[in-house]
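Please build the complex by placing chain F on the supplied structure of chain R, with the hints as guidance.
Quick note, the sequences are listed as chains R and F, same order. Residues in the first sequence are numbered consecutively from 0, following numbering that gives the first Met the number 0. Residues in the second sequence are numbered consecutively from 0, following numbering that gives the first Met the number 0.
Errors might be hidden in some of the hints.
[Claimed, not checked] One side of the interface only, derived from the structure: several residues of chain F facing chain R at Cβ under 7 Å: (1) M65; (2) G68; (3) P213.
Because the hints were derived from the structure by calculation, they are not lab data. Please read all numbers here as calculations on a predicted model, not as lab measurements. Here a beta-carbon is modelled for each residue, glycine too, at the ideal position from N, C-alpha and C.
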Amino acid sequence: MSKAKTAPKAATAGKSAAHNTNAGEELVFTRPASLVDRATHYCPGCHHGIAHRMVAELLDEMDLADRTVAASSIGCSVFLYNYIKVDTVESPHGRAPAVATGIKRARPDKFVFTYQGDGDLASIGMAEIMHAANRGERITVVFVNNTVYGMTGGQMAPTTLIGQKTTTCPGGRCQDREGSPIRMSEIIAQLGGTAFCARGSLDSVKNIKQAKKYMRQAFEAQTKGLGFGFVELLSGCPTNWRMSPVAANKRITDEMIPYFPLGVYKELEGDGTCGSLIAPGTASGSAGESK
Amino acid sequence: MAGNNERIFVKGNEAIAMGALDAGCRCFFGYPITPQNDIPEFMSKAMPEAGGEFVQAESEVAAANMLLGAGACGVRAMTSSSSPGMSLKQEAISYMAGSDIPAVIVNMNRGGPGLGDIGPSQGDYFQSTRGGGHGDYRLLVLAPSSAQEAYDMTHKAFDLAFTYRSPVLVLGDAIIGQMKEPIVRCAPTLAAPDEGKEWRLEGTGAGLKKGQKPRAHRIIKSLFLMDGELAGQNMKLQAKYEHWKNLVEFEAFEVKDAELVVVAYGSIGRIAKNAVRHLRKQGKKVGLFRPKTLYPFPEKALDKLAREGKRFLTIEHNLGQMVEDVRLAVRKHADSDLFCVYPGNMPSPDDFVAPILRALGRK
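Just chain R, same shape as in the assembly (with noise of 0.2 Å):
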């Protein structure tokens, strides 16, 4: 925990619980209060840190923990339960979006979200992911892409990058036998029922307040009854990529932003009406496809 006194008050600190600040000291940063204060099981470099912290910062600012169901997945993010506190049902592997609408249409009046990686989500969920968007069900999806399964040990994914090495495709990941890596940020805003849809990276601070930007909208989505929120966020997996964290940002950088561009892919406004699909690369992120 930081201590600096001439630091502003950081916004997201309102909520949490009170901390023990010496005289003439200023609490300007500490951990949010719908936030378990306890290790997480995650690797060193892990995004998910980051990215648990990020939902449990908008539940606070947006004061919708205490009326949050959410579906958790199957993946490292499996005990999503032990470190946000809210209400939590454990899904099959892909079917949060599924779960995720039985709990909205059963309990319209909750705040209902999904947290899923790549393989749970663009593989085996992709059916349940498609059709909660298409349906435009009042829910958010919280979407990580690390281009890996992770909790397996680190086979190749849905959105395993050309080239990629992993525990399944030990050559690298080749077009021919194995397919592209499926942009879904772009998929997800081409469906009807999709209100809000963008495509963040956790991998530098700039990214990070970006990306939590867009998952803010992703969630008023919901809360303005717009329709489906969808925010994807470009995360590291340091142990199975084989990299230290610091070169994982970079890979990020330099070799899943140019094939997954970042931005805004679809933002419903007003009524729900009405939308403009934006096409991919005219968004803030660089357009290139060199992977």
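Same frame as chain R, now just chain F:
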């Protein structure tokens, strides 16, 4: 909507939907498959009219997982399907059993394996009574033999699901679903507002009075990794299933002085009853034993009949599945013959007369 004690003429599938509606079911998640389509079609109109929700899911997989989500919120919810679709629902059913989520599931059994046919069958007996999905669990299984029982059992299934926090299966078949006959509905009830309030997910601030702090967050899950944790959970499930033995129901017809007891369930049980009635008129000492709960199986009652020296003939619309449970139940004193009805055939009581006489004549 039918008034008090008014007899209405409906299909078994409609009776099931009405039973659910009248029991306070407010979420239905379906997917088209023959021969159960009347259920989702009825619910697509009835749910919105009752202030509930109907979703035609993208698959049976998704429908069952929507059911899981609604059940975790403590809302009375249902899905229905037929055999090939039931295979797809098993994933979520296993999770619901493992995480103590109440739900009602209907299977209008059709012929299999594979795509099979769209006619009646009892080929899903094993799947229904042995859990069906992966892992160590059971479902409460109710097997109606008429439209009235289809209504009553579906209605009751919701109370059982919430009493025991478990998925409950209503197992019919194409005969029960497509047959039209009179039923009497009971007065519609609503789920109690506080049903499941000790465990349901509704946000940590639900029901707070002024000044009260949100409660600790609730987790509904089937993952138990710590030493002894899963064993503890499965022992709880075992105790639950042990308690279900008090719920056993069956119909015993003309068994008192019978030398041969025919054991059959559902539609086949009803057809066999007519054969037994016919043979009784000829003075043949035969009776019928029809399990209404397939799990828990009425093993004690069958054991008692075996102890009295009776012999048994199991008649099923499959290659022989329930016969294994009958043999287990009577094993200390007797055995059971088996007569199989094959898919694609709609048996009549006459078809059962010869096999019953054959079993009766065998010593």
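Do the hints match the structure? See the list:
no. : hint : in the structure
1   : M65  : holds, 4 Å
2   : G68  : holds, 3 Å
3   : P213 : holds, 4 Å
In this structure, none of the earlier numbered hints is contradicted; all agree with it.
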